[in-house]
Amino acid sequence: MASLQNSPSLYNTLSPNSVPRIGLQRYHSSFRCCRRGISFIVRAEQSRAHSQVRSGRRQLIAVSIIAPWVSLVNQTSSSFAAETEKGFLLVTDKKDGYSFLYPFGWQEVVIEGQDKVFKDVIEPLESVSVNMIPTNKHDIRDFGPPQQVAETLIKKVLAPPSQITKLIDASERDVDGKACYTFEFIAQAPN
1 MASLQNSPSL YNTLSPNSVP RIGLQRYHSS FRCCRRGISF IVRAEQSRAH
51 SQVRSGRRQL IAVSIIAPWV SLVNQTSSSF AAETEKGFLL VTDKKDGYSF
101 LYPFGWQEVV IEGQDKVFKD VIEPLESVSV NMIPTNKHDI RDFGPPQQVA
151 ETLIKKVLAP PSQITKLIDA SERDVDGKAC YTFEFIAQAP N
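Quick note on numbering: full-length UniProt numbering labels position 153 of the sequence shown as 153, and the sequence is numbered without any gaps.
Hints are computed from structural coordinates only; laboratory data are not their basis.
Be a bit skeptical, because a hint or two may be false.
Claimed, not checked - Below, simulated BS3-like cross-link-like pairs (lysine-lysine); rule was C-alpha separation at most 27 Å, straight line:
1. Lys116 <-> Lys178
2. Lys178 <-> Lys94
3. Lys155 <-> Lys166
4. Lys155 <-> Lys137
5. Lys95 <-> Lys116
Stated by the list, open to error - Taking CB as the label site, the calculated pair distances span:
6. Asp96 <-> Phe143: 17 to 25 Å
7. Asp96 <-> Ile164: 18 to 26 Å
8. Phe100 <-> Lys137: 20 to 28 Å
9. Gln163 <-> Glu112: 16 to 24 Å
A virtual CB, placed ideally from N, CA and C, is assigned to each residue, including glycine.
Can you build the whole structure from these sequences, using the hints too?
Spelled out as structure tokens, the structure:
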């Protein structure tokens, strides 16, 4: 916890009612910050009216030091929250240019021929993976619409012929001016 006392400049800067006041009244203000589970309080207190005359320079210094720091903390916290959903973790591969979310508690496993694979520890048949397949095509649309591409990849690359597969969803979206296909399917081993 950090505490700053007898600092009218900080109080006036952070106080919603930053109009100068006259008298021997005491004013209190608290500023709470929280970043990834670490919280602290910056508290300012004003007790004398004559100190307000000298507070112009202190206010300027306080604003120039604290404002960028506060905006940085707020920006980091909100961007961190936007990247992940509750119960999921984010994987980003800048080299290959992809990112995805996987459920918390899943483990990364190494499987030959696949870029990333995460499996559920409790249900080992549930997984998410990224496969990189080289091609001479310049646009994914050259292979066909999302549903056709998904069915072809599932049958010829992603699932063995002995498994029963079902395409759940296939869609196209634009990412930085490039078409991307996303699909979800179920593969079941014969009983």
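How the hints compare with the structure:
1. Lys116 <-> Lys178: holds (22 Å)
2. Lys178 <-> Lys94: holds (16 Å)
3. Lys155 <-> Lys166: Since the Cα atoms of Lys155 and Lys166 sit roughly 10 Å apart, the hinted pair holds (cutoff 27 Å).
4. Lys155 <-> Lys137: holds (20 Å)
5. Lys95 <-> Lys116: holds (13 Å)
6. Asp96 <-> Phe143: 17 to 25 Å: For Asp96 and Phe143 the Cβ distance comes to about 19 Å; the hint holds.
7. Asp96 <-> Ile164: 18 to 26 Å: violated (30 Å)
8. Phe100 <-> Lys137: 20 to 28 Å: holds (22 Å)
9. Gln163 <-> Glu112: 16 to 24 Å: Given a distance of about 18 Å, which is inside 16 to 24 Å, the answer is holds.
In this structure, the one hint that does not hold is number 7.
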